[in-house]
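A.B. asks: Going letter by letter, the sequence shown gives residues 244 to 494 in our numbering.
Hints were generated in silico from the structure; no laboratory data involved.
Predicted model, so just to flag it, every value in this text is computed and none were measured.
No false leads were mixed into what you were given.
Simulated restraints on C-beta separations: (1) K294 with G470: 43 to 53 Å; (2) A281 with V331: 42 to 52 Å; (3) L443 with Q467: 44 to 54 Å; (4) Q467 with F286: 51 to 61 Å; (5) L405 with A427: 18 to 28 Å; (6) V439 with D277: 26 to 36 Å; (7) T469 with D277: 46 to 56 Å; (8) L443 with D463: 46 to 56 Å.
By construction, the Cβ of each residue, glycine as well, lies at the ideal position given by its N, Cα and C atoms.
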Amino acid sequence: MKKTILILFFALMAFTMQAGEPGTQKMGEIIDIDASAASGRSFPKRLFSAKGSWGLGLDGVYLGAKGSDSNLMMLLTGINGGFSFGRVAPMFTYTYADNLAVGFRFTYMGAKGKIDSATALGLADLNMDLSGLGLRLDSYSASVFHRNWFGLDDKGRFGIFLDAALSYQHLRAETSYYGISHRAALSFSPGFEAFVMNFLSLNLSIGLASVYYEFSNVYDKSWQRTGGSNGFHAGTGLSVLDINFGLTFYL
244 MKKTILILFF
254 ALMAFTMQAG
264 EPGTQKMGEI
274 IDIDASAASG
284 RSFPKRLFSA
294 KGSWGLGLDG
304 VYLGAKGSDS
314 NLMMLLTGIN
324 GGFSFGRVAP
334 MFTYTYADNL
344 AVGFRFTYMG
354 AKGKIDSATA
364 LGLADLNMDL
374 SGLGLRLDSY
384 SASVFHRNWF
394 GLDDKGRFGI
404 FLDAALSYQH
414 LRAETSYYGI
424 SHRAALSFSP
434 GFEAFVMNFL
444 SLNLSIGLAS
454 VYYEFSNVYD
464 KSWQRTGGSN
474 GFHAGTGLSV
484 LDINFGLTFY
494 L
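Could you build all of it, start to finish, from the sequences and the hints given here?
C.D. replies: Here it is as structure tokens:
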């Protein structure tokens, strides 16, 4: 029994020492070449995230503004009020192959605004008083995504990436009525990532294109349904509501 225990002990030590040895490839090294015979272009694929890496991150953005007797593009005058918009998204990733990862993200988004006084300029001197108009929005969503990195330098400090995400979103908006919507989407978001420490990076991404199905209902203040819509939608362009800026810690 003692011999068996000693054999298992030394086998475990040998395995631990072998597992702890650094890999032969270093960050920033060229691991492949992306080449096209048709165009004649080629791009080196540099190692940016090694297989087996775990990432824990937190993305977010906040915007806010207040106005006093302000104007907006000559459409609104005498604006007194303000608005705020916030978005926070914890996430984790697992790199299953060099420069390729899968991840999960949970997102909360909120916005609120109120116009204490303002006038909308119309045609034929017909102006509209917008005083007292308010908005509140709350949204929760969860998504799974696939990430593909492209290293930019030979030290593995800077890289760009592309996320393809499947997500579900529940959104509630409140103005002079209530609106509740459910959305299932496939979206694509390019981004940039830079390491500020060996295991800590900053990243920025923005939504570029999406295809989604949305089902929504509209209710009055007594929660009586007054309308709704559903259908598929698709579009491209920069989405201000899908900006992520944050940090990621790699294990």
